[in-house]
Amino acid sequence: MPIPSQLAFGDSLPKVDQLNYLAGDYWYRLFPSQEQLGAITGAWRQELRQMSREIEALSAAGSYETINNYHEQTFWPLVIPVSQIRRSPVRYGEGFIYGTGDPVQNVVYGQTIPGAWEVPVPETLHDAAAVTDRIVQPSRFFTVGMELFFYQERRQRWLQIPFDPRDIAEETTTADGHPAIILWLYMARFDRRDAARSYGSLVGLNLPSSDEYLQGVRAVLSSYVRGSSEYDLRRLLAAAVSQPLAERGETVVHLLLDTAVKAVVTDRRTIYGKAGDAPVVAVGEQLHDGDFFFDSVKLTDGRAGTYAWLDMLLIPPRISGAAQDIEIAAGDWPVVEIDGNVQVTFSADPDMNTAFATWMNAGRGLRYEILHYLSDNVDAELTGQLPPKVDLIALLADRLLQRSVSVSRLRASSLSDDGRHLLRLVREVIPPWLTHLIQFEGAQPLGWDDPDACRPPVSLFF
Amino acid sequence: MPIDLQNLDGLGETAVQARLLRLTELVDGLGVGSSVKRGFIRDHVLRLHAILGEAYSQRLDIVGRSLNPLIASSGEVDTDIVGLTAATYGLSRQDASFAAGTIRIEVSDDQSVIIPSGTVLAATDNRSYRTSQSFIGRTLAAEIQTNTDRQLVRNADGNYEFLIEATATLAGLSGNLVAGTELQLTSINIRSLVRITVATEFTGGRLEETDSQLISRIRGQLPAKTLSTRASIAATLSQVSILPGLLAVSSIGYGDEEMVRSRRRGADGRGVDVYLRTQPLAETTQFLLKAEVTEVRSDGHLVWSVAIGRDVAPGFYRVLSVRAAELGDFTDLVVTRGRDTSPIEGELSPLITDNVDAVFSRYQTATVTGVTASREYIVGNTVNVNVTLSYMPGVQTAQQTVNSRRYRFVGGDTLVRAAIPTYVSVGIDIHAKPSAALPDPQPIKDAVAAMFNESGFAGRLHGSRVASTIHRFLPAGADVGSLSFVLETLLPNGEIKRVRTKDHIDVPNLPNIAVSSRTSIFLCDPAAISIAAYAETLPELI
Numbered sequence: 001m002p003i004p005s006q007l008a009f010g011d012s013l014p015k016v017d018q019l020n021y022l023a024g025d026y027w028y029r030l031f032p033s034q035e036q037l038g039a040i041t042g043a044w045r046q047e048l049r050q051m052s053r054e055i056e057a058l059s060a061a062g063s064y065e066t067i068n069n070y071h072e073q074t075f076w077p078l079v080i081p082v083s084q085i086r087r088s089p090v091r092y093g094e095g096f097i098y099g100t101g102d103p104v105q106n107v108v109y110g111q112t113i114p115g116a117w118e119v120p121v122p123e124t125l126h127d128a129a130a131v132t133d134r135i136v137q138p139s140r141f142f143t144v145g146m147e148l149f150f151y152q153e154r155r156q157r158w159l160q161i162p163f164d165p166r167d168i169a170e171e172t173t174t175a176d177g178h179p180a181i182i183l184w185l186y187m188a189r190f191d192r193r194d195a196a197r198s199y200g201s202l203v204g205l206n207l208p209s210s211d212e213y214l215q216g217v218r219a220v221l222s223s224y225v226r227g228s229s230e231y232d233l234r235r236l237l238a239a240a241v242s243q244p245l246a247e248r249g250e251t252v253v254h255l256l257l258d259t260a261v262k263a264v265v266t267d268r269r270t271i272y273g274k275a276g277d278a279p280v281v282a283v284g285e286q287l288h289d290g291d292f293f294f295d296s297v298k299l300t301d302g303r304a305g306t307y308a309w310l311d312m313l314l315i316p317p318r319i320s321g322a323a324q325d326i327e328i329a330a331g332d333w334p335v336v337e338i339d340g341n342v343q344v345t346f347s348a349d350p351d352m353n354t355a356f357a358t359w360m361n362a363g364r365g366l367r368y369e370i371l372h373y374l375s376d377n378v379d380a381e382l383t384g385q386l387p388p389k390v391d392l393i394a395l396l397a398d399r400l401l402q403r404s405v406s407v408s409r410l411r412a413s414s415l416s417d418d419g420r421h422l423l424r425l426v427r428e429v430i431p432p433w434l435t436h437l438i439q440f441e442g443a444q445p446l447g448w449d450d451p452d453a454c455r456p457p458v459s460l461f462f
Numbered sequence: 001m002p003i004d005l006q007n008l009d010g011l012g013e014t015a016v017q018a019r020l021l022r023l024t025e026l027v028d029g030l031g032v033g034s035s036v037k038r039g040f041i042r043d044h045v046l047r048l049h050a051i052l053g054e055a056y057s058q059r060l061d062i063v064g065r066s067l068n069p070l071i072a073s074s075g076e077v078d079t080d081i082v083g084l085t086a087a088t089y090g091l092s093r094q095d096a097s098f099a100a101g102t103i104r105i106e107v108s109d110d111q112s113v114i115i116p117s118g119t120v121l122a123a124t125d126n127r128s129y130r131t132s133q134s135f136i137g138r139t140l141a142a143e144i145q146t147n148t149d150r151q152l153v154r155n156a157d158g159n160y161e162f163l164i165e166a167t168a169t170l171a172g173l174s175g176n177l178v179a180g181t182e183l184q185l186t187s188i189n190i191r192s193l194v195r196i197t198v199a200t201e202f203t204g205g206r207l208e209e210t211d212s213q214l215i216s217r218i219r220g221q222l223p224a225k226t227l228s229t230r231a232s233i234a235a236t237l238s239q240v241s242i243l244p245g246l247l248a249v250s251s252i253g254y255g256d257e258e259m260v261r262s263r264r265r266g267a268d269g270r271g272v273d274v275y276l277r278t279q280p281l282a283e284t285t286q287f288l289l290k291a292e293v294t295e296v297r298s299d300g301h302l303v304w305s306v307a308i309g310r311d312v313a314p315g316f317y318r319v320l321s322v323r324a325a326e327l328g329d330f331t332d333l334v335v336t337r338g339r340d341t342s343p344i345e346g347e348l349s350p351l352i353t354d355n356v357d358a359v360f361s362r363y364q365t366a367t368v369t370g371v372t373a374s375r376e377y378i379v380g381n382t383v384n385v386n387v388t389l390s391y392m393p394g395v396q397t398a399q400q401t402v403n404s405r406r407y408r409f410v411g412g413d414t415l416v417r418a419a420i421p422t423y424v425s426v427g428i429d430i431h432a433k434p435s436a437a438l439p440d441p442q443p444i445k446d447a448v449a450a451m452f453n454e455s456g457f458a459g460r461l462h463g464s465r466v467a468s469t470i471h472r473f474l475p476a477g478a479d480v481g482s483l484s485f486v487l488e489t490l491l492p493n494g495e496i497k498r499v500r501t502k503d504h505i506d507v508p509n510l511p512n513i514a515v516s517s518r519t520s521i522f523l524c525d526p527a528a529i530s531i532a533a534y535a536e537t538l539p540e541l542i
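Going down the list, the sequences are from chains A and B. First residue of the first sequence? That's 1 in our numbering, and the numbers climb one at a time after it. First residue of the second sequence? That's 1 in our numbering, and the numbers climb one at a time after it.
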């Protein structure tokens, strides 16, 4: 039976079966010895193992806590057309001396780096552990991050190599016949957007894979499947600033405070903070589920003692019903009584006073609230005298918002790349009869107030 | 076996090459004694295995996706396996259904008329409807013997009329037809026939549920069935035992701009408003109600008033017609909506303090006034009227669910409303070379309507999406020329907001009256889509 020279894509199944049979037959005819056959079937078994890992990844996707972030290949051939190998240019921000001075000492931006080469890699290639020249018995082995580096340049990723890759790589040809070389990427990880394709689409947020993204959408899914909890809200907020959460019983054993990078060392792991972050845990402290490690994120539900850091509160119209935001700074504000109507002077801006008064009149009476607030603190209700000053944030937290409004404050400079998007999902983590205010320390992210960008997904499963 | 390979379509050249290289490298490195990097072994043995390996890997992907509702929507799936997966969640694929409605036959003589079973009636746009039973229009009530016998009734025009039931000949939305449309008999003749019209809108036409629609329903079953989060509210209501065909849900809560109802009570309002869509299009039903004369105008016209209680088509959208057999259609219809929040046994009703908050909910009531020309009635007289209402079914069932002790949270204040409707009419110009075949317009209309009706709470759709939907049906040489859209949003305050647009389609953003992309849906009837095709002779460019 003649063997077709080529099996075309789209061929019918009988042809595939026929060829499969013939191939099996030829395997035995071509490799009669047990050793040879063993070698080939061993190689085939490796292929099967790769497939079985993919099946595992698929089945793991059934659980929102276990899906893989990246698709991993033990060995992946990087076929590089020779024409695409180029010398590596100096990129802006690299650790060279810039300028136009002595070309021996200084490197000019745009100039090529002596002895450095780079090759394009697929955009979906996230990273790899190492690069080698062969799968079996490699003679060269280079560690990514130490000797080789990935670069992202706009939408193109590059692998920078400190020598000419043609010196070590095996030659081959591309599918269209052009000369090329093969480098083998060991433990190559591809971003096939498995997380986004699986439960990311459930929450209406499709982003490239990242640890923060994974943590954030897991928090949302957890609240779907198990119901809303403060833990899930904490997990989502922490993901926005690239922080993990403490586990129950985790103990802090060391704090690294005197280095450029802050770190918390526990009996289970080391957690790094970003520049400007300060740990909020102490050495020897046994942590609770969902504790934050750094001060880049804070959360309060208004219970006494949990909002001491809240030096400003911005109440938007969607909560107050007022015509504009009501901004209240911490501190004691004078209380004035005019013709039996209590007024709290808290701003020099008369419009702001009016807005606040409108809200108070629309809701519960301010006088009522102040009296009740004071009755817990001062015996003012009994004496019928109002104190000259009142702490408005304490009043709001204890009385008006009554734990149906929680507030978080995030350090804007600590936000992860996905942070702004993840914060849109807070609405999906909390019960709809509660609400949450997100405030930023520092400039709020670009587009945060854009009405279109602010509108999170509404129907998550349909 | 679901793992079996069906064909080698869609294999990626790059992926196959990567497998081939890896296999070649492994075999070569393991030392088989002869080079396998090129030649016969590579081309005919290893390459074949690389192709099969990739094909099996892809097939496993499809099978895995079909078994796993979390990832099922991310690519190709196997229809049979998706059906089996749905079964494990207690769901089954919804069959195609045929639109059903009633047809009015008007004749000039008071003589018996026979409409045989299988009679076909066609609209001008080639949509056709068929009777599944024989009907006889009889002159005397005493002659009526079976449930398909009808009595001829003299109408306001002096003709005689009777109603028959029919269904669309084709399944799907395209069978839906608005009331008043004229039909023609194609298979029989009736002596003294005056006209045939659609009496009650043909509705309920639906294509077989697609894989993606079924997967959406499966995914809807994943969250906890509680009123804990917005997603779990959707899951609760979409349960098989409650609203199995639920298409879209949006929950508005404390702190949302659209939560107007709770803010009326001040900053402490913590209610939840749930907006839902249970069908692609609103359903139309005729209800027998009483109309009372409230005024006799100086010109002799009568002003009638019809009270619509909260249990009549709960949360209805529009009053399409009011008709009394002896008076004909009422004109100048004005709808004034109110509310009835009186206690309901076993339910904890939400707090509603303003009529506008009850609109499109099961607590909505209405008074409809209309005018007729008869002089035979005085103030206080009543007649029976057929009131045709369009509504989103399931509002009452959903409200009962969230009100019930089994689901509500303590002190729960949850109101269910039909999603605020934005009706979309579309004008499509198709430009084609003279030699190009003209496409069949009906599939285009169905696809465009489905795109709008399945968009959930999209808020905004762009013309390019409509154009790409149409393009799938166009033959070579034909292109979408221009698109025009007319949007009509029924606002809760009784106003109608009309917008004409060409490039993008937005629902109004009026959160202060609870209208926004979170609360409003697009409703597009295929009948509201018109297609014009133009032949264009363009110079050939070299």
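Among the hints, erroneous ones may be present.
To give a feel for the contact side, a few chain B residues facing chain A, derived at Cβ under 8 Å [to be verified]:
{"no.": "1", "residue": "219"}
{"no.": "2", "residue": "231"}
{"no.": "3", "residue": "251"}
{"no.": "4", "residue": "253"}
{"no.": "5", "residue": "255"}
{"no.": "6", "residue": "295"}
{"no.": "7", "residue": "299"}
{"no.": "8", "residue": "345"}
Here are some chain A residues the structure puts well away from chain B; computed CB gaps all over 12 Å [as the list claims (entries may be wrong)]:
{"no.": "9", "residue": "89"}
{"no.": "10", "residue": "160"}
{"no.": "11", "residue": "182"}
{"no.": "12", "residue": "232"}
{"no.": "13", "residue": "284"}
{"no.": "14", "residue": "299"}
No lab work stands behind these hints, which were simulated from the structure alone. From the three backbone atoms N, C-alpha and C, an ideal C-beta is built for every residue, glycine too.
Each hint, compared with the structure:
no., hint, in the structure
1, 219, "holds, 5 Å"
2, 231, "holds, 5 Å"
3, 251, "holds, 5 Å"
4, 253, "holds, 3 Å"
5, 255, "holds, 3 Å"
6, 295, "violated, 40 Å"
7, 299, "violated, 47 Å"
8, 345, "violated, 25 Å"
9, 89, "holds, 27 Å"
10, 160, "holds, 22 Å"
11, 182, "violated, 7 Å"
12, 232, "violated, 9 Å"
13, 284, "holds, 37 Å"
14, 299, "holds, 16 Å"
Checked against the numbered hints above, the structure violates hints 6, 7, 8, 11 and 12; every other hint is satisfied.
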